[in-house]
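Generate the whole structure from the sequences, applying the supplied hints.
Residue numbers (the numbering used here), protein chains in the order written: chain A, 1 to 218; chain B, 219 to 742.
Don't read these hints as lab results, they were simulated from the structure.
Some hints could be false.
What the hints assert, rightly or not - These stretches of chain B come out as covered by chain A in the derived footprint (C-beta under 8 Å, 3 or more residues): (1) 221 to 232; (2) 631 to 640.
Unchecked claim - Simulated restraints, written as ranges between beta carbons of each label pair: (3) B:Ala-581 / A:Ser-21: 48 to 58 Å; (4) B:Asp-221 / A:Pro-35: 21 to 31 Å; (5) A:Pro-35 / B:Val-652: 31 to 41 Å; (6) A:Ala-122 / B:Gly-635: 19 to 29 Å; (7) B:Gly-566 / A:Asp-61: 33 to 43 Å; (8) B:Pro-392 / A:Arg-101: 54 to 64 Å; (9) B:Val-652 / A:Glu-204: 41 to 51 Å; (10) A:Asp-130 / B:Val-723: 25 to 35 Å; (11) B:Gly-306 / A:Asp-130: 22 to 32 Å; (12) A:Asp-130 / B:Ala-724: 25 to 35 Å; (13) B:Arg-630 / A:Gly-37: 18 to 28 Å; (14) B:Arg-630 / A:Glu-204: 36 to 46 Å; (15) A:Glu-207 / B:Asp-221: 26 to 36 Å.
Claimed, not checked - Only some residues are given here: those of chain A computed to face chain B with a beta carbon under 7 Å: (16) Ala-48; (17) Gly-49; (18) Leu-50; (19) Arg-52; (20) Pro-70; (21) His-71; (22) Leu-77; (23) Gln-83; (24) Phe-85; (25) His-87; (26) Tyr-96; (27) Gly-97; (28) Val-100.
Don't be surprised by glycine CBs; every beta carbon is placed ideally from N, CA and C.
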Amino acid sequence: MLHVDDLVVTRDRRRVLDGVSLSVARGERVSVHGPSGCGKTTLLHTVAGLIRAASGRVLLDSTDVTNMPPHERGLGLVFQDDQLFPHFDVADNVSYGLRVRGVARRERRRTADGWLERVGLAGFAGRRIDSISGGEAKRVALARALATRPRIVLLDEPLSGLDDALHDRLLGDLRALFDGLGTTVVHVTHDRAEGANLCHRAVEFAELGASSARLNDE
Amino acid sequence: MNDPLFPSRTARAAAVVPAAWLAAFFAAPLVAMLVTFVRLDDVVRVASRDSTWRVAWFSAWQAAVSVAATFVVAAPVTWLVGRHDFRGRRALRAVSTVGFLLPSVVVAAAFLALLPRSWQYTPWAVVLAHAYFNVAVVVRVVGARLESFDDRQTAAARTLGAAPAYAAGSIAWPFVRGAVAAAAGIVFIYCFTSYAVVRLLGGPRRNTLESDIALRAFGIGDIPAATVLSVVQVLMILLAVYALRVAAGGDAVAARAARVVLAPVAAHRRWIAALTAAVTVVFVSTPLVAVFWKSLRVGDQMSLAAWRAVSGGDVASSIVASLRTALVAGIIGTVLAAATTLAVVRLGTGGRWLDAASIVPLAVSPVTLGLGLVITFDSGWLDWRANWWFVAVAHTLVAFPLAVRVLLPAWRAVPRGLHAAAAVLGASDRRRIVDVDLRLARRGLVAALGLVVAVSLGEFGAASLLSRRGTETMPVAVSRLLERTGDTVRAQAFVLATVLVIACVAALFVVELALGRSRRAARR
Numbered sequence: 001m002l003h004v005d006d007l008v009v010t011r012d013r014r015r016v017l018d019g020v021s022l023s024v025a026r027g028e029r030v031s032v033h034g035p036s037g038c039g040k041t042t043l044l045h046t047v048a049g050l051i052r053a054a055s056g057r058v059l060l061d062s063t064d065v066t067n068m069p070p071h072e073r074g075l076g077l078v079f080q081d082d083q084l085f086p087h088f089d090v091a092d093n094v095s096y097g098l099r100v101r102g103v104a105r106r107e108r109r110r111t112a113d114g115w116l117e118r119v120g121l122a123g124f125a126g127r128r129i130d131s132i133s134g135g136e137a138k139r140v141a142l143a144r145a146l147a148t149r150p151r152i153v154l155l156d157e158p159l160s161g162l163d164d165a166l167h168d169r170l171l172g173d174l175r176a177l178f179d180g181l182g183t184t185v186v187h188v189t190h191d192r193a194e195g196a197n198l199c200h201r202a203v204e205f206a207e208l209g210a211s212s213a214r215l216n217d218e
Numbered sequence: 219m220n221d222p223l224f225p226s227r228t229a230r231a232a233a234v235v236p237a238a239w240l241a242a243f244f245a246a247p248l249v250a251m252l253v254t255f256v257r258l259d260d261v262v263r264v265a266s267r268d269s270t271w272r273v274a275w276f277s278a279w280q281a282a283v284s285v286a287a288t289f290v291v292a293a294p295v296t297w298l299v300g301r302h303d304f305r306g307r308r309a310l311r312a313v314s315t316v317g318f319l320l321p322s323v324v325v326a327a328a329f330l331a332l333l334p335r336s337w338q339y340t341p342w343a344v345v346l347a348h349a350y351f352n353v354a355v356v357v358r359v360v361g362a363r364l365e366s367f368d369d370r371q372t373a374a375a376r377t378l379g380a381a382p383a384y385a386a387g388s389i390a391w392p393f394v395r396g397a398v399a400a401a402a403g404i405v406f407i408y409c410f411t412s413y414a415v416v417r418l419l420g421g422p423r424r425n426t427l428e429s430d431i432a433l434r435a436f437g438i439g440d441i442p443a444a445t446v447l448s449v450v451q452v453l454m455i456l457l458a459v460y461a462l463r464v465a466a467g468g469d470a471v472a473a474r475a476a477r478v479v480l481a482p483v484a485a486h487r488r489w490i491a492a493l494t495a496a497v498t499v500v501f502v503s504t505p506l507v508a509v510f511w512k513s514l515r516v517g518d519q520m521s522l523a524a525w526r527a528v529s530g531g532d533v534a535s536s537i538v539a540s541l542r543t544a545l546v547a548g549i550i551g552t553v554l555a556a557a558t559t560l561a562v563v564r565l566g567t568g569g570r571w572l573d574a575a576s577i578v579p580l581a582v583s584p585v586t587l588g589l590g591l592v593i594t595f596d597s598g599w600l601d602w603r604a605n606w607w608f609v610a611v612a613h614t615l616v617a618f619p620l621a622v623r624v625l626l627p628a629w630r631a632v633p634r635g636l637h638a639a640a641a642v643l644g645a646s647d648r649r650r651i652v653d654v655d656l657r658l659a660r661r662g663l664v665a666a667l668g669l670v671v672a673v674s675l676g677e678f679g680a681a682s683l684l685s686r687r688g689t690e691t692m693p694v695a696v697s698r699l700l701e702r703t704g705d706t707v708r709a710q711a712f713v714l715a716t717v718l719v720i721a722c723v724a725a726l727f728v729v730e731l732a733l734g735r736s737r738r739a740a741r742r
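In structure tokens, the structure reads:
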């Protein structure tokens, strides 16, 4: 499904990722652990096409997407800080990917409502982004990433910044959702327990071949 | 830039639009002027004429005196709003800015309406009008700097043994002197190149370089001399801009990032504060009230005759021409500003070049711009001088550099992460520009549109050369009517000036509203 092969990313002539390799099978959920600043976010953003690799390859379903622009890769990414569009309401955020693909308004709304219900936010469609809580924003970001039925979902510390009770509840909801959908997931976190709870397989970032120097790039 | 999120292809395409516009309507006319009309014998002829030096001397001394007068008038209110927190502070600052936002023709008309006959058509009338205009520059530039000065610094100096005057001179003055120099430089440039105020208030024998250029080109028909004077003026403005940059960069102390909490007005100074506020409000509002009052008087009688003329004839057609010109200039100027901003934000070195190029038209006076356009677009299929929309083209050159300054902060404030999110969801670069950049910077766009419209409504220099009878804009019509004799005609000039004030205030209200909302949205 996803093959990352000897990926090198440089910033200011320093190697931020130094020969990282990772393989994820279809339907598999893999968690990558590592301390803050080790390059986890850089890895996800490079897979998503938001950062250009200096060398190495990213293969999706055996297609080399290393030089493909991000909007053509068909991935889902949940950002650490959500990155919800403040000028759209909740439903328009969730259905944005469908709008870009030319899906009709009524169908978009129906799909958005369905995803909002799945993530426990039924009735939130018309809410403004600045009127929802941090936990609700995480759920909207997840629904937005899943609404286009992406080939693979990348989760960048998706539960960071939540209190313990909310963290545990959302973690359970996420696992149930992914179990039901059979989604392929790459999840990066510094929280081993979260990774072990959510994913089938957990790997240390340092084991991926990265130099793993502390880079403060996140 | 090697950035997959921001491919430079779209930005390069966007950059072509303002670059082509500037090349066609700014660079080409200036080059044509220089190549066609600047000859050594013309330079010698202009330099050897007494009148040239008289004009240059008048330009310089009235500008210097205007700077001093502006600081005298502005100092109290700048001190009040820059160092104190009180109810109505923002309103007082806004009121003190009004003069700067008014068209120069309106200010000139206002002082004609207000001043006794013995003061009209004197250098002092010119100086007073310039001070009225430029109070806002001092309040905004020096006041903003004063706001960020932390009083505890002088307190620290006092505890170390400094007397109040010594503490002010050694601690506070180095903090504000760069802003004072910058404000003085800006005011000097405005007054040095003053046109409408000098033409209407200075009397027929007094000219600045700017009004002399127009006089020589269109009054006497000596275009070579006008061109030489234009070049001299551009060089002098560039010199002043350079001096301004050196002075403004000379702040001894960097502004503090943290906001300083301003103190309330001390009880024993409240009467001074109240007096300062009252004098400022009266100073700003009286000329405007005088314009409206004069519009209601024909001779010594109260009459609405001049207002009735609004519904037809020259007065009505100039209102229509102004609104039509401002609308076209607004649309073109906003498109140019958006394309420039996109390129500046996205392109590295190329963006910086375009950023710099977009400011250059501000260094060339509107009269020179108008002269260049008249000379260049005068024959064959390029004979566009008589077209009403050509005034709008000139106005885009005057206004779009300002619109870029308004739009840039709004565009730069768009979080990069939202682009990343939209890209991952499948939005192409062009789609993201529409869905993310333009949507989030829309208030900046509205402000840019309002600003271009306001500038176009009030612009006089270029319009006075390009407008034709029947399609002349309001400022040109005000000027023409004021130069004629007859009570009704003068009353009509004041009617038009009143309409112009209302239109400009409405456009600037839109700008302020949009920018206010934009700032509030950015804080959320």
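- Query: So the hint says 36 to 46 Å: do the beta-carbon atoms of Arg-630 of chain B and Glu-204 of chain A match that?
  - Reply: For Arg-630 of chain B and Glu-204 of chain A the Cβ distance comes to about 39 Å; the hint holds.
- Interface hint for Gln-83 of chain A, Cβ within 7 Å of any Cβ on chain B: 4 Å, holds
- Task: Note whether the CB distance of Gly-306 of chain B and Asp-130 of chain A lies within 22 to 32 Å or breaks it.
- Result: Distance hint for Gly-306 of chain B, Asp-130 of chain A holds at roughly 30 Å.
- Would you say the C-beta atoms of Ala-122 of chain A and Gly-635 of chain B sit inside 19 to 29 Å of each other? 27 Å, holds
- Message: Hint Tyr-96 of chain A vs chain B: min CB-CB distance below 7 Å?
- Response: 5 Å, holds
- Agreement of hint Gly-97 of chain A with chain B interface, Cβ distance less than 7 Å: Holds, about 4 Å.
- Cβ distance range 26 to 36 Å for Glu-207 of chain A and Asp-221 of chain B, holds or violated: 30 Å, holds
- Item | Range hint 33 to 43 Å (beta carbons of Gly-566 of chain B and Asp-61 of chain A) holds or violated | About 36 Å separates the Cβ atoms of Gly-566 of chain B and Asp-61 of chain A, which means 33 to 43 Å holds.
- Message: Is 41 to 51 Å respected by the C-beta to C-beta distance linking Val-652 of chain B and Glu-204 of chain A?
- Response: Holds, at about 42 Å.
- Answer holds if the nearest beta-carbon of chain B is closer than 7 Å to that of Gly-49 of chain A; otherwise answer violated. 6 Å, holds
- Interface hint compliance - His-71 of chain A to chain B, C-beta minimum distance less than 7 Å: Given a least distance of 5 Å, the restraint on His-71 of chain A holds.
- Query: Is the hinted range of 25 to 35 Å satisfied by the C-beta distance from Asp-130 of chain A to Ala-724 of chain B?
  - Reply: Cβ of Asp-130 of chain A to Cβ of Ala-724 of chain B: about 30 Å, so the range 25 to 35 Å holds.
Going through the hint list in order, the structure satisfies each hint without exception.
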